[in-house]
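Residue numbers (my numbering), protein chains in the order written: chain Y, 1 to 350; chain F, 351 to 863; chain S, 864 to 1165.
Check the hints yourself; a few may be wrong.
[To be verified] With a cut-off of at most 20 angstroms between alpha-carbon atoms, the simulated EDC-like pairs for lysine to aspartate or glutamate come out as follows:
id, chain 1, residue 1, chain 2, residue 2
1, F, K568, F, E389
2, S, K1022, F, E483
3, S, K1024, F, D466
4, S, K948, Y, D297
5, F, K550, F, D729
6, Y, K221, F, E703
7, S, K1022, F, D466
8, S, K1098, F, D786
9, Y, K145, F, D622
10, S, K1098, F, D485
11, F, K663, F, E703
12, Y, K221, F, D749
13, Y, K223, F, E728
14, F, K465, F, E487
15, F, K353, F, D372
16, F, K569, F, D372
17, S, K1022, F, D485
18, Y, K295, S, D946
19, Y, K221, F, D717
20, S, K1024, F, D485
21, S, K1098, S, D1045
22, Y, K223, F, D729
23, F, K490, S, E1156
24, Y, K223, F, D749
25, Y, K223, F, D485
26, S, K948, F, E703
27, S, K1024, F, D516
28, S, K1022, F, E487
29, F, K569, F, D516
30, F, K569, F, D559
31, F, K550, F, E816
32, Y, K295, F, D485
33, Y, K221, F, D726
34, Y, K221, F, E728
[Unchecked claim] Just a sample of chain S residues kept apart from chain F, beta carbon distances all over 12 angstroms, derived:
id, residue
35, R918
36, Q920
37, S921
38, M922
39, L927
40, R971
By construction, these hints were calculated from the structure, which means they are not laboratory data.
Note that the structure is predicted; figures quoted are calculated from it, not measured.
Ideal Cβ placement from N, Cα and C applies to all residues, glycine included.
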Amino acid sequence: MRRSKPLDCGGLTRLLEHPAAHVLACTLIPVAVFGILLFTEGKSVMETYRVILNAVFGTRYGFGEVIVRTTYLIFTSLAAILPYRVGLANAGGEGQMAIGALFTAIAGGTLLRHLIGPLGIPALLVCGMAGGMIWAGIAIFCRMKLGMNETLTTILMNYIATYFISMLLFGVLRDPAGWNYPQTVEIAPQLRLRTYFGTRINAGILLAVLTAAGVWYLLRKTKAGFTIRAIGGNPRAALYSGIQVGKVQAMAFLAAGASAGLAGAILIMGTEGRMRVDAGATMGFMGFLAAGIVKNDPILAIFSSFLIAALSVAGNAMEINTGLPAASIQILMMLVLLTIMATGGRKNRE
Amino acid sequence: MGKTIMRVRGLTKVFGSLTANDHIDLDIEAGRIHAIAGENGAGKSTLMKMLYGVYPATEGTIIVDETPVNGWNPALARENGVSMVFQDFRLIPAFTVLENVFLSLTGRRYVINRKDLRHRIRALSETYQLNVEPDQEVWKLDLGQRQHIEIIKALINPNTRMLIFDEPTSVLAPHEIARFLDMLLQFRADGYAVLLITHKIHEITTVADQITILRQGKKVCAINREDGFDQAAIIAGMLGEQTMEEAPEKPAAREFPQLPGIALRAVTVRDDHNREILQNVNMELARGRIMGIAGISGNGQRELTEAIFGARKISGGHLSYGGEDITHTSPGQRIRHGFRMVTEDPLHDNVVESFTVLQNMALAGLDVTTTHGRIDWEDLRQRLAERPEMEAMKVPAGDRLAGTLSGGNVQRMTFARAVISQPSLLLACYPSRGLDVATVAEVHRTLLRLRDAGTAIVLVSEDLPELFAMSDSLTVLAGHQALGPFIPSDCDIQELGKLMLKGDGGNAAEQTP
Amino acid sequence: MNEITTILISTIAAGTPILYALTGDMIGQRAGIISLSVEGSMLVGACIGFGVAYRTQSMTLAVLAALAAGGLVGFLQAFLAIDRKTNMMASGFVLMFFTQGLTAFYGRTLLDVSFRKPLTFPLPFLSEIPVLGPVLFSQDILTYLSFLLPAAAWFVLTKTKLGLLVCSVGERPEVTQAYGHDPRKIQYAAVIIAGMLAGAGGVQMSCVYTMSWSNDMINGRGFIASALVILCSWKPLRAYMAAYLFGLAQALLVYLQVKGVPISMYVTMMLPYLLTLAALGIISTSKKPSMPEKIKVISTGP
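Pulled out of the complex, with its shape left as it was, chain Y reads as follows (with noise of 0.2 angstroms):
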């Protein structure tokens, strides 16, 4: 259908088109935006930023926490990824990689307490996969059998995992021994990965990146991955073609609740121990935005992931060093999302 002429910002727009002028307003009009918010408020810009380079860059352990949160976010990020590319929209990393994390943690603090490591982390793996999947699993049931929208289903699945988990932690899966905290029992310690430099990291960002890897050489090089892009550009066409569109949307959908139950399931296992209430708290939404900054592009992801992972780690030490809510930054991480939005070229699906 064709409408009047969009909102006309014509040469600023074709300027903007030109990939480096991009980058660069997605960096400074962010920045700057943000920079005048502060001063208005009364807060030393120069001095919140050097707050915030310095969370990130200026210590060992700041940095660490940048790569840990990377790890969570590129997983999540794939979850919005993978259904981006057959036409869905998973807006529930969040309760994906929570139930995740829960089931991981259940699983490392009973049943597979007593396996031994080389045993036990791949399974613990599988069982934060597990959870991601059955939560996803609902969502596209509803999509494909009772035709619910996928967006507002995983939302409202998002806010329900919050609270279930809260009423376990509450009640059944309290740990007796833990002075009445709302946290399960720590996983059996040879099931934790293995962390180095001093800092939280694990292997966990290695399996990130190889993860993000394998997605973009499956949807790039391999038939399955064709079949995935030939329905994400038109699914009619690929239904024409012989292609069980439901079918692998299905699969798609299932995959993404896997890649953000192994957040869950590392987010346990390398640096909670335990599920607690919050653990993890915002990576799943985050993640759906580190996609969406870089259009869906699983190797683009990484590195946005790893923007958003630092600009989260400042939003902790800037409400610590300069009294400003950590929310504050979400302002900042967002104009970044809403200035490429605005500014990037139309088509962006594959």
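Please build the complex by placing chains F and S on the supplied structure of chain Y, with the hints as guidance.
This is chains F and S only, laid out in the frame that chain Y set:
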């Protein structure tokens, strides 16, 4: 002779490198029917859209009531009494007739007065014998009825004095056409200026007072009824020097008893609104035979072909392939049986626009090979280059993005893709639509070659001569039924046309409350 | 006041913010745009409205500020979804996070204050009717207005040219354009109105319902409103039913807790989302609702 409502001088429209209209002059007078005749693509629709203000003219002037107009647009046109009945109706299916009419009203009417509007619609319906109930939802109505709503929308505006009809009879069944032409005469008698765009000679010579013939964007000639209409001269004017390609010599069909055939037994198919559009269809699609599907469009052609291909559920009966029941199999499974389909809207149904031509050729065309899971595109490119179909169909270069192709090129690509794998069954919906004469001939040759190699072909077309020339047997879709098979050599076009009507009449009767 | 009256009063109180956002988003969806950003509009409406009310002690200014702020978020959603062709679900989502950050940033000084100006205007005589009086006729202005809102939306959408134009854009924008109207402008207007109404819902929530501001206090109510539009089959008058059903569920749960019925607080908090999910499931399995065509394309694909 009536008062001149609109004069057009030197009207020109250029789209990129194409000059769609080249310095056209016209005079449109009240109480006369002015026909604009020309082949498809002669520039008739472009001209009408400029007269109605949809397209701004590249050059030239439109003069209304002796005053040249500026910034001509549809709203201004309606204000000046120019109304258009579009070929693709401007209706919202989810709304009722009354709501659609209300939306079209100009002037300061912000709240619906249903009672008054209902009254006015009924009054117009009676005057011109239109078959329209104000409170019906539009999606339940057939195309003829929808055209009546469009006419009411034009007439309900008290300013209206000039009516533009864009190929109005293309959506009508033949028995409706006669009634429609009567209606045009009634408009003329009531003093309206009527502008009729058509390529059908019969309509022109029946009702027109004046004919303007367009060819390739240029005005060829204008003839008045007083000067007498010469059918041959009109046809010559429309076609120019070009001679019609002779239908290919059709060799006798061969038998392929060893190859599995396709059979439909008591098949029922539902349309998008879940109504049974075809009931109890029985059909044998033998290998090495072309089955032509005739019928007024919208009588289940799309639904039937989709159901045979597996893209639509068969809601009753059975479909078999060589004795095996495949009623509930997916398109993928049927593609593995060698079924291929070119739909009526290939860009929408068959093409991934973000893929290159080469990538599109891999979608149910030739299978891709993989080494270590990796697709070998170079191999596909080479194998395609060896195929004569690619050359014969003039398929565009492999690296072009499908989204940048013209409609004709998309048609070429999808047709070549469907035939390249020697299908067991080819469902070809309007395969020659939008193609030049030479390529149409190539399409016909390819269909015959496939037939003689043992493919069962279902050919859906609106073009009865094409169907008669190509088909070994014909099925007519009408009135929720598949009638036939008929052998083209044993029946004549007139009789088949009547059959198409008979069913359609039943259809219309059923939908009238 | 007896218990039924208490439950009904809290039903209305909990249902009103939803009613605003629901009606707003329904108008937007009728024009073919789903605004998940109503969540963000409610959030800024709640925060800015509360801030203005607290500083100026003027409810009128608070409501105006909330309308403007909510409408601004709606404008951003419209720009992204209509002009930039962004996935409208994703843009709504991003706007939610953006407003979460903004309101956390600007609302940090409002966290410990409360605004307790009496806002109710009991209507003479009517408010003395038993049960119904205190429930329906002893409310604040925003709540009174909300009683009229779906009826007004129903009138406009089904009886006026403007409303039919909005609906036509959600069905066949090319037809709207053929009548000489700009579908884009209509969509912009509808989405901005959706944002403004959601902003009003937000200020009602912070100034009247909770009488305080807390971070992310909308907590998904905007999403629920978007989902409930589907439950209403895009029919404005059903908004009453959907919003107050939601309100009643919340009121009952609070009541049960107060009565000491042993349910986990988290079950209580989870239930609205679960109910919305279940309602969506029921509505989509029963007969196909009269979904605007443009929305159908988004939600169920081709």
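Each hint tested on the structure:
1. Restraint check: the Cα-Cα separation between K568 (chain F) and E389 (chain F) comes to about 12 angstroms, which is no more than 20 angstroms; the hinted pair holds.
2. The straight-line distance between the Cα atoms of K1022 (chain S) and E483 (chain F) is roughly 19 angstroms, inside the 20 angstroms bound, and the hint therefore holds.
3. With a C-alpha separation of about 15 angstroms, the suggested pairing of K1024 (chain S) with D466 (chain F) holds against the 20 angstroms cut-off.
4. For the hint linking K948 (chain S) to D297 (chain Y), the alpha-carbon distance of about 18 angstroms falls within 20 angstroms, and the restraint holds.
5. Under the criterion of a C-alpha separation no larger than 20 angstroms, the hint pairing K550 (chain F) with D729 (chain F) is inconsistent with the structure, at around 49 angstroms.
6. Of the supplied pair hints, the one linking K221 (chain Y) and E703 (chain F) holds, its CA atoms being roughly 19 angstroms apart against a limit of 20 angstroms.
7. A C-alpha spacing of about 14 angstroms is found between K1022 (chain S) and D466 (chain F), which places the hinted pair at or below 20 angstroms, so the restraint holds.
8. For the hint linking K1098 (chain S) to D786 (chain F), the alpha-carbon distance of about 50 angstroms lies beyond 20 angstroms, and the restraint is violated.
9. Using a Cα cut-off of 20 angstroms, the hinted pair K145 (chain Y) and D622 (chain F) holds, with the two alpha carbons roughly 19 angstroms apart.
10. Distance restraint check for K1098 (chain S) and D485 (chain F): the Cα-Cα separation of roughly 19 angstroms lies within the 20 angstroms cut-off, and the hinted pair is therefore satisfied.
11. In summary, the hint linking K663 (chain F) to E703 (chain F) is not supported, as the alpha carbons are separated by about 27 angstroms, beyond the 20 angstroms threshold.
12. The suggested pairing of K221 (chain Y) with D749 (chain F) holds, with an alpha-carbon distance near 17 angstroms, which does not exceed 20 angstroms.
13. The hinted pair formed by K223 (chain Y) and E728 (chain F) meets the criterion: a straight-line CA distance of about 14 angstroms does not exceed 20 angstroms.
14. Of the pairs offered as hints, the one joining K465 (chain F) and E487 (chain F) holds, with about 17 angstroms between alpha carbons and a cut-off of 20 angstroms not exceeded.
15. Between K353 (chain F) and D372 (chain F) the alpha-carbon distance is near 26 angstroms, which puts this suggested pair outside the 20 angstroms criterion.
16. For the given pair, K569 (chain F) sits about 8 angstroms from D372 (chain F) by alpha-carbon distance, which is consistent with the 20 angstroms threshold.
17. Between K1022 (chain S) and D485 (chain F) the alpha-carbon distance is near 14 angstroms, which keeps this suggested pair within the 20 angstroms criterion.
18. For the given pair, K295 (chain Y) sits about 17 angstroms from D946 (chain S) by alpha-carbon distance, which is consistent with the 20 angstroms threshold.
19. A hinted pair counts as satisfied when its Cα atoms are at most 20 angstroms apart, and K221 (chain Y) with D717 (chain F) qualifies at roughly 15 angstroms.
20. Distance hint between K1024 (chain S) and D485 (chain F) is fulfilled; the C-alpha atoms sit about 17 angstroms from each other, no more than 20 angstroms.
21. A distance of roughly 24 angstroms separates the Cα atoms of K1098 (chain S) and D1045 (chain S); the hinted pair therefore is violated under the 20 angstroms criterion.
22. Restraint check for K223 (chain Y) and D729 (chain F): the C-alpha separation of about 14 angstroms stays at or below 20 angstroms, so the hint holds.
23. Taking the CA atoms of K490 (chain F) and E1156 (chain S), the gap is near 16 angstroms; set against the 20 angstroms cutoff, the hint holds.
24. Pair hint K223 (chain Y) plus D749 (chain F) holds up; C-alpha atoms about 19 angstroms apart against a cutoff of 20 angstroms.
25. Between K223 (chain Y) and D485 (chain F) the CA atoms are separated by roughly 52 angstroms; this puts the pair beyond 20 angstroms, and the hint is violated.
26. A distance of roughly 17 angstroms separates the Cα atoms of K948 (chain S) and E703 (chain F); the hinted pair therefore holds under the 20 angstroms criterion.
27. Between K1024 (chain S) and D516 (chain F) the CA atoms are separated by roughly 27 angstroms; this puts the pair beyond 20 angstroms, and the hint is violated.
28. For the hint linking K1022 (chain S) to E487 (chain F), the alpha-carbon distance of about 16 angstroms falls within 20 angstroms, and the restraint holds.
29. Straight-line distance between C-alpha atoms of K569 (chain F) and D516 (chain F) comes to about 18 angstroms, which keeps the hinted pair within the 20 angstroms bound.
30. The hinted pair formed by K569 (chain F) and D559 (chain F) meets the criterion: a straight-line CA distance of about 17 angstroms does not exceed 20 angstroms.
31. Taking the CA atoms of K550 (chain F) and E816 (chain F), the gap is about 17 angstroms. The hint holds against a cut of 20 angstroms.
32. For the proposed pair K295 (chain Y) and D485 (chain F), the alpha carbon gap of about 47 angstroms is over 20 angstroms, so the pair is violated.
33. Annotation: proposed proximity of K221 (chain Y) to D726 (chain F) holds, straight-line Cα distance about 9 angstroms (limit 20 angstroms).
34. For a cut-off of 20 angstroms, the pair hint linking K221 (chain Y) to E728 (chain F) stands: about 13 angstroms separates their Cα positions.
35. The non-interface label for R918 (chain S) is consistent with chain F: the shortest C-beta to C-beta separation is roughly 40 angstroms, beyond 12 angstroms.
36. Consistency note on Q920 (chain S): stated as away from chain F, and its beta-carbon is indeed over 12 angstroms from all of that chain's, at 39 angstroms minimum.
37. Non-interface call for S921 (chain S) relative to chain F: holds, since the shortest CB-CB distance, roughly 34 angstroms, exceeds 12 angstroms.
38. At roughly 32 angstroms, the least C-beta separation between M922 (chain S) and chain F is larger than 12 angstroms, which holds for a residue marked as non-interface.
39. Against chain F, the non-interface label of L927 (chain S) holds: every CB pair exceeds 12 angstroms, the least being about 26 angstroms.
40. No beta-carbon of chain F is positioned within 12 angstroms of the beta-carbon of R971 (chain S); the least distance is around 46 angstroms.
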